[in-house]
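2 protein chains.
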Amino acid sequence: MRAIHIVTTRLSSCCFKPILLLDLVSVSSSPRKLSIPNRRFISAATKPDGGRSGSIVAPLVTQQEFQKIDVNPPKGTRDFPPEDMRLRNWLFNHFKEVSRLFGYEEIDFPVLETEALFIRKAGEEIRDQLYCFEDRGNRRVALRPELTPSLARLVIQKGKSVSLPLKWFAVGQCWRYERMTRGRRREHYQWNMDIIGVPEVTAEAELISSIVTFFKRVGITASDVGFKVSSRKVLQELLRKYGVPENLFGRVCIIIDKIEKIPVDEIKKELGLTGISEDASEQLLKVLSVKSLDDLEDSLGGAGEAIADLKNLFSLAEKFGYSEWIQFDASVVRGLAYYTGIVFEGFDRKGKLRAICGGGRYDRLLSTYGGDDIPACGFGFGDAVIVELLKEKGLLPELRQEVENIVCALDKDLQGAAATVATALRDKGQTVDLVLESKPMKWVFKRAARVNARRLVLVGKTEWEDGLVSVKVLSSGEQFQVKLNDLE
Amino acid sequence: MRAIHIVTTRLSSCCFKPILLLDLVSVSSSPRKLSIPNRRFISAATKPDGGRSGSIVAPLVTQQEFQKIDVNPPKGTRDFPPEDMRLRNWLFNHFKEVSRLFGYEEIDFPVLETEALFIRKAGEEIRDQLYCFEDRGNRRVALRPELTPSLARLVIQKGKSVSLPLKWFAVGQCWRYERMTRGRRREHYQWNMDIIGVPEVTAEAELISSIVTFFKRVGITASDVGFKVSSRKVLQELLRKYGVPENLFGRVCIIIDKIEKIPVDEIKKELGLTGISEDASEQLLKVLSVKSLDDLEDSLGGAGEAIADLKNLFSLAEKFGYSEWIQFDASVVRGLAYYTGIVFEGFDRKGKLRAICGGGRYDRLLSTYGGDDIPACGFGFGDAVIVELLKEKGLLPELRQEVENIVCALDKDLQGAAATVATALRDKGQTVDLVLESKPMKWVFKRAARVNARRLVLVGKTEWEDGLVSVKVLSSGEQFQVKLNDLE
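Chains as they are written, first to last, in full-length UniProt numbering: chain E, 1 to 488; chain C, 1 to 488.
Keep in mind the hints are simulated off the structure, nothing from the lab. It cannot be assumed that every hint is accurate.
Lysine-lysine pairs mimicking DSBU-like chemistry, simulated, CA-CA at most 30 angstroms apart [to be verified]:
id, chain 1, residue 1, chain 2, residue 2
1, E, 391, C, 75
2, C, 228, E, 428
3, E, 393, C, 158
4, C, 311, E, 412
The whole structure should be built from the sequences, with the hints applied where relevant.
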């Protein structure tokens, strides 16, 4: 391991991620004529294998106070070094390509929003995990926990200047402040697709179709994952039947959504606290176990809107070609207060992972912000569970850096010539990794292998005088000399 | 304008961005049986021109408290509706394509970092504008004002597991909390390219080459913009000459960087406060006005490192092919404390705009975080000034939504068939905007024009019974029927 200057301790493990201490001189703002000891920080010397560039840097102590710096990103957050960024780009490109295939336009919002945008009184988990702050102007702000409220805000703001329906998508970072640590991060990226202005179930059907298209593109099949589908109108109809006031709807949904996380008795108790009768509670919970539309029709006693919507959706699923991917499951409610109709979630059939994605209809969200109600639906698809699933299925791609050329001067005087060669190739649209220092050939070949260069372009004195460069095709070993202008 | 439900006022202007009030019922957590008035929110009805989808939504009042929601993004931040997102993507794609052309790998870091990462004692403007908070765990955190400190953190963390040199780039959002409002935003995106591990000026020369490549790609020429180049070693050598302690270096640079913003007397006063003699101050300020390397050589009395680096850079600029873009200008210092060598900034030759981009060498940043010093340089290039410049030069592209097909059922019963057609086309990689509702043909043509569809695919009853669809090529008006499978 490269030596690291530490005041209190010395590291021996390469894996250990240290909290490092700065051993620099503290300087007050008053004039002082300190005699700074002329210490030399010597960085990793050039090693025989040429693995690292060396440099001996003359000291020029900056005016920093002695302080601890953690070299890790803040708890629950991620850096994206190149290998992780390649995977992120691969995943996001699939999100974006699918969205464009469906004719959706990309949008984005600030990652920092007004806190009030996310405050709903329905007892959602998302609210308790709000990453909120007070800014210097004493405004309550929050790192967005989801994208839909910002979308609703933008739709209201745009007003009549946009023509409905809107088909929009976004891939944005969302934050939640979780106290517990069970491998869940405090930030993730979420792919959202939303349709604003279509009251019909064709909208939900198309949204699910787009997720299925994504799955197919990354190699996931209907035997790996499925969608559980229900409608909140089922609960709505039951609440009406039992005379439960409709303003309790969101809260009841949030309570019922916890059914797999807390004991049934606890659920009943919470429902009781809202004022729902024991009889109604029993009935609600009974209906949640229904797994077929016919049984649901029996339970609800007649064909209401819920049944009609769901039947329509299943019929459309057949036409879109993804029948085998979806199933009715009354237990699906989803944890956001604003859903009003069809709700769905993607799940892995092995039952090992959390929901892969989820969405639904939210026809009344806009009015909660003071806008007109406009029918709307959408989904959120995180970047965490899908990667776990792809990993498990062996479907994560091997992504590596790739450049077409590595260009290198054969002696120091030819650095400028190598720059000219690199520029000529780049002007032709060719990617070039230019070797910026004088290095032994062994080092250059190692580097070429590391960046997966297709060919090595060498600039030597004699050839260059004739306007020639040497080219070595690295896959075949083929070698030739060519005029710079003829190099394609 | 579409009617918006507002409690206190009524809007008449379409441009006015309202603060809307929620007129929803407050619900406490205790059980209540409120009789909710059965009000109907009626959204924009379908108009004869078919411009907006209509829907009458049965009320289902959610449990929200009466609260103000501003439909604008927080002060100083931006939404990206589709038209702005297209421009952002166009710009970022140029950043990314140029970076890849130069063989750089993409990276990213958390937008929320530990505050200490950004705290330097040199009196930088960036520190006063830190967007900092205390999180729920009482940790001091900040929205990153720049990307370089995170990069340094990641390089230290990676330690020996990465091979030098690293050539990395990032396009990330940065934040600064500015109290004043003179059209500057509180967030912007910044393109960064950095080279870690190369002590030679070839690194700076390549970085400037990449920015020139970007400018050329978007149509900006050397008569539009240029680069002012200097080296902080000029100041370093002067400070040494006058016996000023080296630990004052960063602070002196930050003071001198303000030269165009505050009066010279103020600069002298601030320099005096650091303990620098009047004589030295005079000399420093005099050298800053030097505009040629020969004059600089005279001023410094002999050829030191500063002169050697700069001469080398200008020689390389010629070889890279961008001589006409750069000029020596001793007044360039840059406002970040950590630069140690070459510094440069891109400027518009008309002198109307702030710096377009800026960068330099920061060979000692890593040691301020406790790591080994590794030679490094890089630049930051914001997304604000460049857009102003492109706008002024008439170089902003006209970007519009584009889809290949708009698919529409000719009657409601054929919605499913239209879904089948859309899926077939999407499976072939064709982009499809599927009309999700039953709409008059006039509406469909309007929509097709708005999304710039290349062709309209109509699904009619008689044809569909024979497996045929009608296709209208919208540019030519050409019309034909074709089997779905034969539609390419």
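Evaluated hints:
no., hint, verdict
1, E:391 <-> C:75, "violated, 41 angstroms"
2, C:228 <-> E:428, "holds, 28 angstroms"
3, E:393 <-> C:158, "holds, 29 angstroms"
4, C:311 <-> E:412, "holds, 16 angstroms"
Of the numbered hints listed earlier, the single one contradicted by the structure is hint 1.
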